[in-house]
Structures are given as C-alpha cells and as structure tokens.
Amino acid sequence: MDMQGKFIPRAQLDDWLAELAARFRVWTPRRAGQEDSGAVVYLPEARQPELNRKPTESAKRVIFPRSEPLLRFLRKPDPDQTGQKSLELQVPDADGPNLVFGLPPCDARGFLVLDPVYAGVKGQAGDSYYLRRRSQTVLIARACSRALTTCFCHWVGGSPSSTEGLDVLATEIQEGFLLQPLTPQGEEVLDSKLLLSAGKEQMEAAQSAWQAAEKTLGPGADMQGAQEALRALFDNAAFWQAEAASCLSCGVCTHLCPTCYCFNITDEAVGEKGVRLRSWDACMFSLYTQEASGHNPRQDKAARLKNRIGHKFSYYPELYQTRNACVGCGRCIKSCPSRLDIRAVLTKALALSRPAAGKPETTAPATVRPAAKPKVNKPATSKPVAAKPGAAKRGKEASHA
Amino acid sequence: MAVQEELKKIILGLLPQVDCVIGWGPGPDLLCASPYFMRRPEEVDNFLAGPMATQNTALYLPEYKGKKVALVVKGCDSRSVAQLLAEKLIAREEVRIIGFPCAGVADMGKIAARLAPHGEPGEAEKAVYGEKELRITMAGRELVLPLAEIKADKCLRCAHPNAVFSDHFAGEKAAGNDDEFKDLAALETMSLEDRFSFWEKEMSRCVRCYACRNACPLCVCRDHCVASSRDPHWLTQADGVSDKLLFQVTHALHLAGRCTGCGECQRACPAGIPVLLLKRALSRAVEGLFGHSAGLDPETRPPLLTFQVEERTIKEKAW
Amino acid sequence: MPDTARRPVFEPSAPNPYLPQVATVLEVIQETHNIKSFRLRLDDEQAWAKFSFEPGQLGQLSLFGVGESTFVINSSPTRKDYLQFSVMRAGEVTSALHGLLPGDKIGLRAPLGNSFPYKELKGKNLVFIGGGIGMAPMRTLLLYMLDNRTDYGDITLLYGARSPQDFSYAEDREDWLKRKDMRTVLTIDSPAEGWEHRVGLIPNVLTELKPSPENTVAVTCGPPIMIRFTLQALEKLGFVPEQIITTLEKRMKCGIGICGRCNIGEKYVCVDGPVFTYAQLKSMVNEL
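Going down the list, the protein sequences come from chains A, B and C. Note that my numbering has the first sequence beginning at 1, numbered continuously upward. Note that my numbering has the second sequence beginning at 1001, numbered continuously upward. Note that my numbering has the third sequence beginning at 2001, numbered continuously upward.
Looking at chain A on its own, in the form it has when it is part of the complex (with noise of 0.2 Å):
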C-alpha cells in the first residue's frame, strides 16, 4: 500500500466524525449497558468509537436492518365499485447515505459475501433495499491491533490489515490514525481540513503495527477441501448431532454474523393498514424450515448446525463459486452460550475426509488457499429430460414433498 495516505490526532476524531455526520449517517461501535455487561455495538453516534473492544455485533445491520418495511399498504373503500375495496402499496422511502467508521476489516469483508446474494442469483432481480444501500455506504475500518483468540479471519483469507471491501483502511498509531484511501469514495472522505497528510515515518508506524497484529493470530488451517468434505460427511448424522450436543438452537451465531443474511417476511397489520416487514431469521431457529404440513426438514439442532456450517463452506461457495461464507470473526464463537466453536467442527471434518497421515492443522504461516474448485457437473448420459436449470452429481435416495 503506497497509497497518499491522512493523519489524524485521536484528539481530532470526533470532529472529523461530527464533519462527515453533515453528509453521512454515521455509524460507530459504541460500548452501550451496564459496566460489568453491556455490548459493543453499532450506532448512528459520531462520537467516540470503541476502538479497542471488537464489537459484540457484526456492521451488517447498517447496510441489512435488523427489520425493515419492504412495502406498506393501505385497503380503501373503492368510490367506484360499493363495497369493494381498493389497494394501496406504497415502497417507503430510501435512506441517505451510510458511513461505518471503525468496523474491524472482518466486517468489511462480510459484505463482499452478502453481496453476490443480493445482486441477484442465476438471473434473479436484484434486492433493491440491499443494493440502494450497499451503494451508498462508505466503510472505514480500523486495522485490528490484535487478534482474539476466537478470531480466525487467516483460515479464510483475510487478516487483521485486510483492506477488501474497504473504501479507507484506519490505523492506529501513535496518537491518532494513520487513513488510507483505498477507493474514489474513500478519497472524497478523506477530503478535509482537519486531516493532515502522512509522512513516511507515519507509514512505517502503520506497517509495523499490521505486522505485530498478525503475529497475534492463533495457528492457521489449510482449508483445501472443506467443500467436499462437508458433502461426504451430509449423512454422517452421527458427527452432527455430537457436534450439535451443546447447541442452543438459538440465533447468537447467525445474529452477530457478518455474513449471515437469512429473513423473514411477515406482514404486521392494524385494521386496514400495515407494513410488510423483512426481518432477519436463523437457520438455527427449529420453526425456519416448518412447513404448514408440520413436514419440517431440518426437524433435530444437528440438522441445522450441519446446514449452517455447510452453506457456509460447502453450498455457498459452490453456488457462487467464490469466498466461504465466512470471514472468522469469530464472533460465533465468542458469544455462543455454549461456546461452540466452529473451527473444531471444520477440523474434524477436514481431519475426517484426509487420509490419516495428514494432520488436521498445520501452524504453517496463515495461507489460505481459495476453496478448491468443484466438480463439473456432468449431466448423467442418455437423460431424455431435465428440468431446468439442470444439474446432475452425487447419488442418493429421495424422497418427495
């Protein structure tokens, strides 16, 4: 990174943040409860930044809210046909323009995993709500100083100085912070009186203290295979359920994820107004799959652990053939009530698919290799049909709903 990058004393913060809070909703983790509870998480408060605790919750609520109307209607009597009535829909109004100053990188990179997803999959529309906002938010991260032991962003490509996603990368140094832009928005920003230029020195600061930070990282993993691991071990109910033992079925994991991005849709009504609202849901949660038919596929915790985990590593990146649908923040880890750890169930499955010789994890310096490419699909020979979108591979018994 060679980029002309500002400095700002720490002192100057707050009226850089309150300068940007003219153009930008402005959001920053901020520690909020009781002293000896309480959380980290995000506001729309330009002030103060908790720089020195990871946010309990993940930024995705800026760009995703935890609940947001999609539409609102209204039934009216109809003036021209005596007891009808018509139908107003009305799509409530967009937001300005978001700014996250202070996520750590991780979070940033959460969004490069939702956004495939909300683009809009093989040939789908777009999700306008997603896509309006992910257009107008500028993301500011700071370079984590150290990592937590729960953390694990080096099991899947990023780092504590990662910048992917980043419109400014923020470095503590010194007495203040050391921005570089790293995109056309992240230079509109930066774009102040307040802010003074870096020298070289201030950038060897910075550089130093991305290299102490990645020192603090625990081992690596050779993630190699994970896709097709976790498909080989689909019927091993067995390893699910140990693994699944301790699990609430509760959604702290999927709540504080970056990349969690399941919802709900549900109309809330008052006579003859209301609003449908998209909210978000888990796939830890058992009543996500029940079907009308009391039918539900993913009945038992094992089930939804084993597909959460799996979409993570296994369908997500075969569907988008990309990133795993994970950052390692760490987060899942951190704050699950019965501290499952999601990196043990990934050992074990990789240990599971390797031949004994090869161990599990390696403390090599952290490379990881991108998810490795999966199968063609082959369509079966002499199939006189196929529904489409067609696709053919592993073979099994099913049945039908």
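Keep in mind that the hints were calculated from the coordinates and are not lab data.
Straight-line Cα separation of at most 25 Å, SDA-like style, residue types lysine to any residue; simulated pairs: (1) A:K122 x C:R2109; (2) C:K2119 x A:G123; (3) A:K273 x C:D2044; (4) A:K122 x C:E2287; (5) B:K1065 x B:E1093; (6) A:K215 x B:D1029; (7) C:K2124 x C:Y2152; (8) C:K2124 x C:D2172; (9) B:K1132 x A:D36; (10) A:K85 x C:L2042; (11) A:K76 x C:R2039; (12) B:K1065 x A:P297; (13) B:K1068 x A:D300; (14) A:K122 x C:F2051; (15) B:K1201 x A:N52; (16) C:K2250 x B:P1232; (17) C:K2282 x A:D300; (18) B:K1201 x A:S279; (19) C:K2250 x A:L287.
The following label-pair restraints were derived from C-beta to C-beta distances: (20) B:W1234 x A:A232: 38 to 48 Å; (21) B:E1193 x C:Q2046: 49 to 59 Å; (22) C:I2225 x A:A232: 21 to 31 Å; (23) B:H1233 x C:D2043: 20 to 30 Å; (24) B:V1309 x A:V270: 33 to 43 Å; (25) C:F2229 x B:G1013: 45 to 55 Å; (26) B:D1178 x A:D15: 51 to 61 Å; (27) A:D15 x C:D2043: 53 to 63 Å; (28) A:A94 x C:D2043: 18 to 28 Å; (29) A:Q90 x B:V1309: 53 to 63 Å; (30) A:R23 x B:F1181: 42 to 52 Å; (31) B:V1309 x A:A344: 55 to 65 Å; (32) A:D80 x C:H2098: 18 to 28 Å.
To give a feel for the contact side, a few chain A residues facing chain B, derived at Cβ under 7 Å: (33) A39; (34) L148; (35) T149.
Every residue gets a Cβ at the ideal spot worked out from N, C-alpha and C, and that includes glycine.
With chain A held as given, fit chains B and C onto it using these hints.
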C-alpha cells in the same frame, strides 16, 4: 482441584450405566468451559469443574427423554433439575445427579470490565483459575483478578452452593449466603419513567436471537413461542423496543414461581441485557405471596400451577 | 487505485422484486372440502398484456396483513383469460385465502422458479400421476399439452384421491374422461357408493396400468408417501430416474433465491425448482 478429581471418579463409575454424563469440558478459550457430553472413559480426562463451568447442565435434560443420563450440577443447576421434576418435565428414574460444593462461576462481563484498561478477555494468552484468583497473561503481562471480584452476582448471593438433592456428592458441603434481592434496589429507587427508559435503553441492543429463551431450562413452549406465533399474533417482527420488552415481560411472567434464578438468560445474552432482573422481581413477589422458592424440592408443585380456594398467605378479605 | 470495494451496482430503475402486482379475484371455485381454486387477473392492463409464464412456474399470492404463500400457477399459458391457483387450507395464509370472494384484491409476484421441460418433452409419451392436491401443479402442463396435442405422443392420466369428494377440477375431469386423445384413469383409496372408476392406491393402480417406459416420461406430484411408492413402482416398470419428473414444495419467503429457507444443499427450490427430475433429486443432498 481435589473435587474435580473426585467428580471424575464418580463420572467414570456412572458411565456404564447411562447414555452419557453431562458436565463441562474445555471451551474455545481458557476462561470459559463448554458443556461436555461424556460417553467414553478417556473423555472424562478433560472434564472441568470450577469457575469456568458457567453453563447450566440441566438445560439439556428434556432432550434426553427416554434415555438415562447423569448430570454434574452446581447448586443452581440442581434447582433447575428439581423444578423440571416438580413440573414432571423429566423422569426421576432417567437422571442421576452428581453434586459438588460450588464456589461460584466467573462472569465474563465482569472479567471484561476488569480487564478493560489492558485489553479484552479474548486477548488472554493464558488464564488459570486458582482457589482465590484468576491469573491472566496478556501481552506478556500477568494480571491477577480476585475471584470475589469476577464471580457472577448470582453466586455472591447464592444460598444453595451444594446440589439441593443429589445421588452422588463430591467434596465437603459449602456454606451459602443470604439472598436479600439487593440487585433490585437500584431499579426500584428509580421513578417509573426512569425505570422504563432504563429498559428501553437496554432492550434497544436486543437482536432478537432468543438466546435468553433457549438457554432457559424452564422455557418449555419451545416451538410454540409467543415470539413467533402468528395465531395468536402477539409480537410484531419490527425492530422496536416495545416488542422486545413485551417478550421479556411475557417470559418473566411465564417463569413466575418457576424461575430458579440460574441466570442463564442473562449470561446467554450477547448484548449484555440484564434480563434476569425481571425474573428476580417476580421471584421475590412469589416468595412474598406464596412463601415459595422454585427448585428447592422436586415434590412441590409451583404455586402458579396449582389452585387453592384459600391461599395460605394471601388475605383477600384484607384488600 | 486498487478496486477494493467492488460494490454491486444499484440501478434505481430496476424493478423491486418484493413489490407484488395488484390483482383481482375473478372467480372462486370450491374444489373439495379443503381446496379452493382462485382465478385472478392483474389490475394493470399493460402488465396483464405483457404477463407470460411457462407451465410449472410459481406465483406468490399476497394477502396484505396476513402474508404471502407460494403456489404453482395451474392454468395453462395457452389459456390466458385468468391465472388459476389451487389452495389447500393448511396454515395462516391458506386459511385467509379461503376467505377471498370475487372482486377482492390480492397481491401477486409471478412468475417465479423454473418450469416443466415442455419443449424437451415434444414427441414423448406422457404419464401423469397425481394424488390429491398434487394434481394442481400437473394441471398446467396437461392443459398445455392438450392445447398443443399434436406435439406430444400418448397421454395417460392417473389421478387418485382419498374419496370421490376429494377430486378437484370437476369440469376438467369430465373433459379428460371424454377425450379420445388421452387416457384418464381415476382411482380412490377405498370403495364408495356410486363410484364407477378404479379403487386402489395410486402405486398399485399404476402397476396394473403398466405404462411402457419406451419413449415415455412420467410426471408425478402428490403427498410424500404416495410419491415414495410411486417412484418405486415406476422404477419397477422400467422407468429410469431421468424419465421421472416431480415438483417440490418447500417453505418459501422471498421466491428469488435469497432468504435461504428453501435450500437443499446449494439448490434453492424457488429458483432451481420447483420442477426436478428424480435424477436431479438423487444428486442433491438428502434433505427433503
């Protein structure tokens, strides 16, 4: 720890008789353990008991209906078991209870607060629980936190550190404290407006993950929770404080006379919302009205699950 | 400057995929004690003129204040006076839909999902095997084929229900039984007074009918238990998994492959389905 070793011996002895023994084992870091499900003798080596054993093992019991399991319990966990038995949600013959004198568990929030000037708990390179203190090494420096400062509040006021009933007991019974519900004082001195704004502020962090509900050993509605029911349609899915608070109030009311104060709802909350306070207020009310504390006796039905024409402690005429 | 924040593009003019079109219920048909069919039409004339779909595609019906639910459009694209949906009363939305009357307003998001491979099926013989409400998704394909009759070979329909009162589509049935260019076999589970057709479970009747797998494709929809035994019967008759087509039903919300709940491994029933060959189902993770 002598008690831990004695517990291991008891567990090993019980293994052949049960589907599994539920206790605590190594967690992802050194500060807090994970629930641990032991089936093979070699797994017992990693069994842990002590301040890191935060989770309530009783939570899992209803899942093992029809199977025989043994449970290592802290005093508070044993009260949940007693309550589950009192409500006939589990069968006595299917569960073996292993008690020990609990000296209290660590509160991760308190640890975080004490460490704040130095870093956060996740940065600990080493953490060792001693008899009286927690020794944490961070950035090469050792920090000593007295256990008395980092113990969960529920432990500081715990009247039943030993299992209230057990089939096996390791170690010498420990003395308990008096619970005077002092934790409620701060809220109760507030005006109603202030109290409401306190809850509004706290609940605004709620992400509706329902860990509070799912961590509660006595939350038995499971798939028929008011939180997601559409018929009747009690709660909206909006991200508003009123819905979130309504859920907490419903949860607390449903637990009145049943909540044993294990505090798992609050411990499980990722947002650090003090949701136990609501249940504590009702527990005190039930104690005052019915002279009943939940989870002390597997034979006593909770007062709000029974009906008497004349309640012993309620003087209706006096109203 | 490195492109580190590759934001997805937002087109302000792009359609809002969650915004239903307003439609009016034209007709409500009580099919059985718990199934009703609804015929509807979009209110916006321009949108209605442009609306097209393929047999097998889905629609999300919205009752504002209650919610959305997914159904196959069971009318044929060849008969565009209305779109028809058949709804079995089961949950909150379906119960509320049953309260609709002609003239009521409803929301529609359609078409969604894939379709039957009706083009690839040209020149083939077809065996339709439907049980109960399972007739609904097949009806669209059957009507399409009858309207393009010369494109297809022999058509056999085996339609079963618990009792004579549990059959839908009375008008269609009369026509199908009369037609010389298709064979229609009706069956009920146990004898009933005045019943002139077959008695017996669908898989057993299918085995008796013994359709030849030669140049033939079987399309089957119905309750899971019926499907399980029908697949076994078809395989015994010599049908290979590639010759068997079915539709899946899953709980759906968004209908566009995002919200996550209808996945079977990396497949999403709302986008990759609802139509699958048995061969495809066998290749997917076993989580139906």
